[in-house]
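Participant: Fit chain B to the supplied structure of chain A, relying on the hints for placement.
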Amino acid sequence: MYIILSVLYILPMNTLEKLQILSSAARYDASCASSGSKRESASAGFGNASQSGICHSWADDGRCISLLKILLSNDCRYDCAYCVNRSSHPVQRASFTAKEVVDLTLGFYRRNYIEGLFLSSAVMQSPDVTMERMVRVVEVLRREEQFGGYIHLKIIPGCSSELVRKAGLYADRVSVNIELPSQVSLQRLAPQKEKAAILEPMALVGREIASNLVERQMSRKAPRFAPAGQSTQMIIGASPENDFQILRLSQGLYKKMNLKRVYYSAYVPVSDDNRLPVLTSPPLLREHRLYQADWLLRFYGFSAEEILSDDLPFLDETFDPKTAWALRHPEFFPVEINRADYATLLRVPGIGVTSARRIIAARRFSAITPEGMKKIGVVMKRAKYFITSTERAFEKVDQNPLRIRQQLLLGEVAVVPPSRQLVLPGLYLS
Amino acid sequence: MKRYLYDGTSESLFSAISWILEEEAEPEKVLLTEQGLELFEEGFFIKANTGQAELLFQRLCQRAPDSAYTITLFMLAEKRGMESSLLRYVSLAFAHGDKVNGYLTHPAVRDIVSIAKRAGRELHRMKGLLRFEELQDGAYFAKMEPDHNLIQPLASWFRTRLRAQNWFLYDVKRRTAACWSNGMLQFGTIDKFYIPALSEDEKRVQLLWQTFFRTIALQDRKNPGLQKSNMPMKYWKYLTEMQT
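Chains A and B are the protein sequences, given in the same order.
If you use this note's numbering, the first sequence corresponds to residues 1 to 430, in order.
If you use this note's numbering, the second sequence corresponds to residues 1 to 244, in order.
Looking at chain B on its own, in the form it has when it is part of the complex:
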């Protein structure tokens, strides 16, 4: 089977997909993998071409907007080793349009759609589970450790929701941060991090929330299994209500 290689960046990935779709008569029959994973690898290396990658994505947005969104979610998962599935999915999306997401009996569609769905589920979850703390200067600060790289979509979500206050998001595992300050949204990476001082009011509000959390539960209907399946314990670390 013919093999193509790319350099591991998303620009290069989409450039390669775009190139293959143009040059290969049967994209179903080629492989696409990251360069440098094996010692003696053979294959055509395709260089990143930002313009071509963007053009591909624009065309996809027009032809199949739902699939374009699925791919956006899929990319949040930062999955390696599924490039060939992605190639087939894109090729099917151009052939069938948005209907492709219903083609769940096709292994490539199923791979991409199920990973995108998992990313989408965590994104939705984090919209609820993120917890801000008020700092001394009146800004709000939230830490998180999601499985997927959610900082961009989360930041744009809170940009509309909490636009009247300044806030920071910090992804502890990836060391990336988003900052919304005076109507400007910025992204960056952080190497050294110190925990800023909390405002005087913060502990009081946290205590109110913890109290509410405890009293709202019906003790006659305790159900820790259901609680954990809805809110897995991996998220508890940063939940204010679980810090007692």
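Just chain A, with the same shape it has in the complex:
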């Protein structure tokens, strides 16, 4: 408070105060990725985007800061129960002008604070008016300022397809938030949002990205459409869906809508609305396990049905999903690391994408021994129960799943106590 007071007289009060309101309103968006796009600036301009993405700082919650993540406005017409900016919530309202956002972005970028801009907004008068103002900001950045840095633009559900197309031409990544994992929950908690209005622009963006790829193959000069793809986000723990439903939804989004990422955000209690569960703390471990399972879907060749089932609808809190799968499938193990193919190696707990590749590269030179495995960087603490090397088991471990389970648990340092979700009786009987 002292700092803010001391500068009141030098600073045009507005931008600082708005920044405070509109960045704290934007912090519930999980995405801060700046990867997947390689962009060179126009000769007159400056800024570029790096394929790998760059983090510029890490906030007190440990999350990376790579983009200036703000709302254009938090003055919302909608009244979604889980949201801090809902119209019935008495928070201070503010809206940036286009020039303010442009100046902030360029000022921060020139000092290397950020990789670019992540612009979202509450729904002002109408989805179209809001989206148009957001597109205007990035238009100024790209056209007038010749800005070549990364831009992530949120699509407001219900806006015209013309605006969606324009957004995709200026932005590196676009995203439409799916918010809640099912239509029923959406109706209960966000009655003004419709599933169709969310899925329609998502499908449109998916189609545009696909056809843009074809165009770019024919002509390198064709303008790019959202080169870093599209993503979405859903809130975990604000509605009663189980992990199996959530994973199947993500799997569908990856396959059918061609999404780059699905973000899961543990519900942080922001309201005492009686439609919401009472949580002692955000379900962080559940969020973490969902991300692990999401990685299994995208990089490890697993399907949602392999990870969970109707009889087993929630992810194990004590084990990561791959170890849990391995313990249920003793018939798959042990895996012989000097002969197994890439897909099989990936299924071994403790072996990730990097170490699987390294194993394959290293065994071209010589057979891999237990010492060699450690040098390569495999997490032997977990892997040793599931592999053999030239027919020799790594340690005398017996392959009884129950025993392995126990030993893994003993080896696991500090099991995080799961945060339990308190559910009020009768709440979810809709």
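Hints should not be assumed to be uniformly reliable.
Okay, derived cross-link-like pairs now, DSBU-like style, lysine-lysine, Cα gap no bigger than 35 Å in a straight line [unchecked claim]: (1) B/K222 / A/K381; (2) B/K99 / A/K375; (3) B/K192 / A/K38; (4) A/K193 / B/K222; (5) A/K166 / A/K38; (6) A/K255 / A/K99; (7) A/K38 / B/K143; (8) B/K203 / A/K99; (9) B/K79 / B/K99; (10) A/K99 / B/K222; (11) B/K173 / A/K381; (12) B/K143 / B/K237; (13) B/K228 / B/K203; (14) A/K375 / B/K2; (15) A/K374 / B/K2; (16) B/K222 / B/K203; (17) B/K2 / B/K99; (18) B/K222 / A/K38; (19) B/K79 / B/K237; (20) B/K117 / A/K381; (21) A/K38 / B/K99; (22) B/K173 / B/K222; (23) A/K256 / A/K193; (24) A/K193 / A/K260; (25) B/K143 / A/K99; (26) A/K375 / B/K234; (27) A/K375 / B/K29; (28) B/K173 / B/K203; (29) B/K117 / A/K260; (30) B/K228 / B/K192; (31) B/K117 / B/K47; (32) B/K192 / B/K47; (33) A/K38 / B/K237; (34) A/K374 / B/K29; (35) B/K228 / A/K375; (36) A/K38 / B/K203; (37) A/K255 / A/K193; (38) B/K173 / B/K237; (39) A/K260 / A/K38; (40) A/K255 / A/K195.
The set of hints was computed from the structure by calculation and includes no laboratory data.
Facilitator: Quick look at chain B alone, frame taken from chain A:
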């Protein structure tokens, strides 16, 4: 074991490696160390030969471009005492091509690749963690103290990224500087240094950034351990957001 000596410069190092690879049938079985480390040292001294060193590197770039990049990163670490490992690595790179980086079970490959990886990681980190301040004349200025000698690759990175503004990089520990001014990139060393005056706008933008940094964190999910492991405290000294 036969021992070769070089004078401590990188030209001399690569000249020596080139000479050994040509003259020795089994480069795995010789040692290469810096001259003057021991009082009574024995060994063949190999004089620096810039042409030969460059030729070796060019040949390596053709035969194994990934390994050449690994060696470039390794040199940024300014490590002493690993010359013999480097010699073996180069010899293996010529024998196997780029596949050599996968030969992690070989101790020399592992030494070189892991040090190169550490240098590469810090280079990537500094691309994000470097902070510029605007000076009175409109140029931008950044100080840093990285573990590796990163000024050259960082300067060429910012040459494309921030080409529309004049800027300086200053490595406080090594007293080296890079300057991008009106489309020209220059390097040099600095003996005496004074801090130039900041522009009038600078403090205002810094305050905006510090405010953003604080409000973007979710207070319900504070995690200082994770923050420090991603952004070690040794870098905080020059981070604008940590100066409050």
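Participant: Run every hint past the structure and note whether it holds.
Facilitator: Going through the hints against the structure:
Using a Cα cut-off of 35 Å, the hinted pair B/K222 and A/K381 holds, with the two alpha carbons roughly 29 Å apart. Between the alpha carbons of B/K99 and A/K375 the distance comes to roughly 17 Å, so the proposed pair stays at or under 35 Å and holds. At roughly 39 Å between alpha-carbon atoms, B/K192 and A/K38 are farther apart than 35 Å, so this suggested pair is violated. Restraint check for A/K193 and B/K222: the C-alpha separation of about 31 Å stays at or below 35 Å, so the hint holds.
The straight-line distance between the Cα atoms of A/K166 and A/K38 is roughly 19 Å, inside the 35 Å bound, and the hint therefore holds. Using a Cα cut-off of 35 Å, the hinted pair A/K255 and A/K99 is violated, with the two alpha carbons roughly 39 Å apart. A hinted pair counts as satisfied when its Cα atoms are at most 35 Å apart, and A/K38 with B/K143 qualifies at roughly 27 Å. Distance hint between B/K203 and A/K99 is fulfilled; the C-alpha atoms sit about 20 Å from each other, no more than 35 Å.
A hinted pair counts as satisfied when its Cα atoms are at most 35 Å apart, and B/K79 with B/K99 qualifies at roughly 24 Å. The straight-line distance between the Cα atoms of A/K99 and B/K222 is roughly 33 Å, inside the 35 Å bound, and the hint therefore holds. Restraint check for B/K173 and A/K381: not satisfied, since their Cα atoms lie roughly 40 Å apart, outside the 35 Å limit. Distance restraint check for B/K143 and B/K237: the Cα-Cα separation of roughly 10 Å lies within the 35 Å cut-off, and the hinted pair is therefore satisfied.
A distance of roughly 26 Å separates the Cα atoms of B/K228 and B/K203; the hinted pair therefore holds under the 35 Å criterion. Taking the CA atoms of A/K375 and B/K2, the gap is about 29 Å. The hint holds against a cut of 35 Å. At roughly 32 Å between alpha-carbon atoms, A/K374 and B/K2 fall within 35 Å of each other, so this suggested pair holds. Taken as a hint, the B/K222 and B/K203 pair is honoured in the structure, with Cα atoms around 27 Å apart against an allowance of 35 Å.
Proposed proximity of B/K2 and B/K99 is supported: the alpha carbons are some 29 Å apart, at most 35 Å. Restraint check: the Cα-Cα separation between B/K222 and A/K38 comes to about 33 Å, which is no more than 35 Å; the hinted pair holds. Using a Cα cut-off of 35 Å, the hinted pair B/K79 and B/K237 holds, with the two alpha carbons roughly 25 Å apart. Taking the CA atoms of B/K117 and A/K381, the gap is near 24 Å; set against the 35 Å cutoff, the hint holds.
A threshold of 35 Å between alpha carbons decides the hint, and for A/K38 with B/K99 the separation of about 27 Å falls inside it, so the pair holds. Distance restraint check for B/K173 and B/K222: the Cα-Cα separation of roughly 33 Å lies within the 35 Å cut-off, and the hinted pair is therefore satisfied. Proposed proximity of A/K256 and A/K193 is supported: the alpha carbons are some 22 Å apart, at most 35 Å. Distance hint between A/K193 and A/K260 is fulfilled; the C-alpha atoms sit about 23 Å from each other, no more than 35 Å.
Straight-line distance between C-alpha atoms of B/K143 and A/K99 comes to about 30 Å, which keeps the hinted pair within the 35 Å bound. For the hint linking A/K375 to B/K234, the alpha-carbon distance of about 28 Å falls within 35 Å, and the restraint holds. Pair hint A/K375 plus B/K29 holds up; C-alpha atoms about 23 Å apart against a cutoff of 35 Å. At most 35 Å may separate the alpha-carbon atoms for a hinted pair to count; B/K173 and B/K203 meet this at roughly 26 Å.
Of the supplied pair hints, the one linking B/K117 and A/K260 holds, its CA atoms being roughly 27 Å apart against a limit of 35 Å. Taken as a hint, the B/K228 and B/K192 pair is honoured in the structure, with Cα atoms around 33 Å apart against an allowance of 35 Å. Between B/K117 and B/K47 the alpha-carbon distance is near 30 Å, which keeps this suggested pair within the 35 Å criterion. For the suggested pair B/K192 and B/K47, the alpha carbons sit about 34 Å apart, so the restraint of at most 35 Å is met.
With a C-alpha separation of about 31 Å, the suggested pairing of A/K38 with B/K237 holds against the 35 Å cut-off. With a C-alpha separation of about 26 Å, the suggested pair A/K374 and B/K29 falls inside the 35 Å cut-off, and the hint holds. Of the supplied pair hints, the one linking B/K228 and A/K375 holds, its CA atoms being roughly 26 Å apart against a limit of 35 Å. Straight-line distance between C-alpha atoms of A/K38 and B/K203 comes to about 32 Å, which keeps the hinted pair within the 35 Å bound.
Among the hinted pairs, A/K255 with A/K193 is consistent with the structure: their alpha-carbon atoms are about 24 Å apart, no more than 35 Å. The hinted pair formed by B/K173 and B/K237 meets the criterion: a straight-line CA distance of about 13 Å does not exceed 35 Å. Between A/K260 and A/K38 the alpha-carbon distance is near 16 Å, which keeps this suggested pair within the 35 Å criterion. Restraint check: the Cα-Cα separation between A/K255 and A/K195 comes to about 18 Å, which is no more than 35 Å; the hinted pair holds.
When each numbered hint is compared with the structure, violations occur for hints 3, 6, 11.
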